[in-house]
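Protein chains: 2
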Amino acid sequence: MRPSIRDTLLKSAVTLFALSGYNAVSLRDIAKAAGANVGSITYHFGSKANLLREIYDRHTKPMNARRRELLGEARRISNPEERLMAILRAYVVPAFISSSEGDGGGAEFTRMRAVLSAEGNSDARAIIADAFDETSHAFIDAVAECVPGAPLEGLVWRSQFLLGSLYYALINPERVTRLSGGVIDGNDREAAADQIVKASYASFRSLSVEPAKVDAGSHIPEPAQGKTA
Amino acid sequence: MRPSIRDTLLKSAVTLFALSGYNAVSLRDIAKAAGANVGSITYHFGSKANLLREIYDRHTKPMNARRRELLGEARRISNPEERLMAILRAYVVPAFISSSEGDGGGAEFTRMRAVLSAEGNSDARAIIADAFDETSHAFIDAVAECVPGAPLEGLVWRSQFLLGSLYYALINPERVTRLSGGVIDGNDREAAADQIVKASYASFRSLSVEPAKVDAGSHIPEPAQGKTA
DNA sequence: CTTCAATTTGTACATATGTACAAATGATAT
DNA sequence: ATATCATTTGTACATATGTACAAATTGAAG
Numbered sequence: 001m002r003p004s005i006r007d008t009l010l011k012s013a014v015t016l017f018a019l020s021g022y023n024a025v026s027l028r029d030i031a032k033a034a035g036a037n038v039g040s041i042t043y044h045f046g047s048k049a050n051l052l053r054e055i056y057d058r059h060t061k062p063m064n065a066r067r068r069e070l071l072g073e074a075r076r077i078s079n080p081e082e083r084l085m086a087i088l089r090a091y092v093v094p095a096f097i098s099s100s101e102g103d104g105g106g107a108e109f110t111r112m113r114a115v116l117s118a119e120g121n122s123d124a125r126a127i128i129a130d131a132f133d134e135t136s137h138a139f140i141d142a143v144a145e146c147v148p149g150a151p152l153e154g155l156v157w158r159s160q161f162l163l164g165s166l167y168y169a170l171i172n173p174e175r176v177t178r179l180s181g182g183v184i185d186g187n188d189r190e191a192a193a194d195q196i197v198k199a200s201y202a203s204f205r206s207l208s209v210e211p212a213k214v215d216a217g218s219h220i221p222e223p224a225q226g227k228t229a
Numbered sequence: 001m002r003p004s005i006r007d008t009l010l011k012s013a014v015t016l017f018a019l020s021g022y023n024a025v026s027l028r029d030i031a032k033a034a035g036a037n038v039g040s041i042t043y044h045f046g047s048k049a050n051l052l053r054e055i056y057d058r059h060t061k062p063m064n065a066r067r068r069e070l071l072g073e074a075r076r077i078s079n080p081e082e083r084l085m086a087i088l089r090a091y092v093v094p095a096f097i098s099s100s101e102g103d104g105g106g107a108e109f110t111r112m113r114a115v116l117s118a119e120g121n122s123d124a125r126a127i128i129a130d131a132f133d134e135t136s137h138a139f140i141d142a143v144a145e146c147v148p149g150a151p152l153e154g155l156v157w158r159s160q161f162l163l164g165s166l167y168y169a170l171i172n173p174e175r176v177t178r179l180s181g182g183v184i185d186g187n188d189r190e191a192a193a194d195q196i197v198k199a200s201y202a203s204f205r206s207l208s209v210e211p212a213k214v215d216a217g218s219h220i221p222e223p224a225q226g227k228t229a
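Chains as they are written, first to last, in the working numbering: chain D, 1 to 229; chain X, 1 to 229.
Since the hints were derived computationally from the structure, they do not count as laboratory data.
For clarity, every value in this text was computed on a predicted model and none was experimentally measured.
There may be inaccurate statements among the hints.
Given that identical chains are not distinguished, each listed pair holds provided it fits within a single copy or across any two copies.
Cross-link-like lysine to any residue pairs, in silico, SDA-like; alpha carbons within 20 Å at most [as the list claims (entries may be wrong)]:
1) Lys48 x Ser20
2) Lys48 x Ser122
3) Lys48 x Thr8
4) Lys48 x Val147
Whenever a hint applies, use it, and build me the whole structure from the sequences.
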């Protein structure tokens, strides 16, 4: 069956918001993209802010559910290195690739979040605050178990960097293409997700004070880990 | 001597753009913040887009110069680990901390770049493209020398993640504070710069196919490094 | 077919924005 | 002091935007 106009409006809004942010996209832009009338947006959603709220409502819950599901699987892995890798993948992949129809994830929604978080619009701020990503705490805890002795400061900042990497990969993929002289495709999301997982794996692993279990020890002259020892 | 109104306007514009983006800030907002009249902006800069162009002109050159200077110093370090650390610091620090009056760097300008890059405004796009960060290539080259055998794909993506981490640390510092339960101050830029350098150090180091010079070898079961072997 | 509620369309309105420009003001040199 | 130029102010205008709402259309139940 044909999707309802309501759904088409929501979808168009995500696409446009992800591309140009919240302020720059007018309700008329959204209506035009959805092949509908301006008034229909007011009718279905009441206001622009509420339209955004519905977008979040629709996506965040299933996406977090998907993350929790993958995180649960990951936690059952006994080898700490493999486990860490799986945990990171559980966080990154749902944000990049929408597996099923209703998992709420995918690059477009994540890119929208990235753009809106940068924009700092007050409407958006309130909505983002409500839809706070409760999975983050669970992830940090899970990661912490893989890197014994890691200071909280290092863990939290690296989770921040992970999110920043994820966002920027979606916001500015052209930079990768350009910087590599066209050799690497910045829009290859599978590759991007893979690289983020590997890079953050290394950055988290370096926090561990214990030597790697599998090997003798990787004592690079790691500069002291800061105040929070 | 008192700064000219022209300078005050530029400074106010950076502050406001860094806070709310390009679209959301009106010329009247800028004028009010600078204690000037709307017309004075048109008089001094002609248009909003040109005001932004002047901001870039004023900042990018001295900031890149500072980066090149620090990079030059870093490259003279013989020990590859220390060198890598210094190279990363040379890239990150000018973006976070403005050392001298005219070095063009600092967190505010960098945050503005972050916000504008996410916003995708067409005025801004053109200007950003012109002020392309020519130092990035030099940095990747310098980094590559520290991690022999590293595939280009890994290097480029990690440089992307570095920039994303940097940007997001400035855009959303509250998340760090909140996520740590108030223990860690997301607005502590010295700490942020430090953490970024250390995290990206680890992520770049992990690309090296040769074992660490200082130690036996850090053969974590690193999953195969992708296509570009 | 008729009725009635749900939806869609069209339009109006108050407000905000970038830009243009004439008048007022200020400073500087002769 | 006066003339000349640079700056600042005030205002006007065309356009765009979020929202409200009445009229038109649609679709299903009786």
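List, from low to high, the hint numbers that the structure doesn't satisfy. 4
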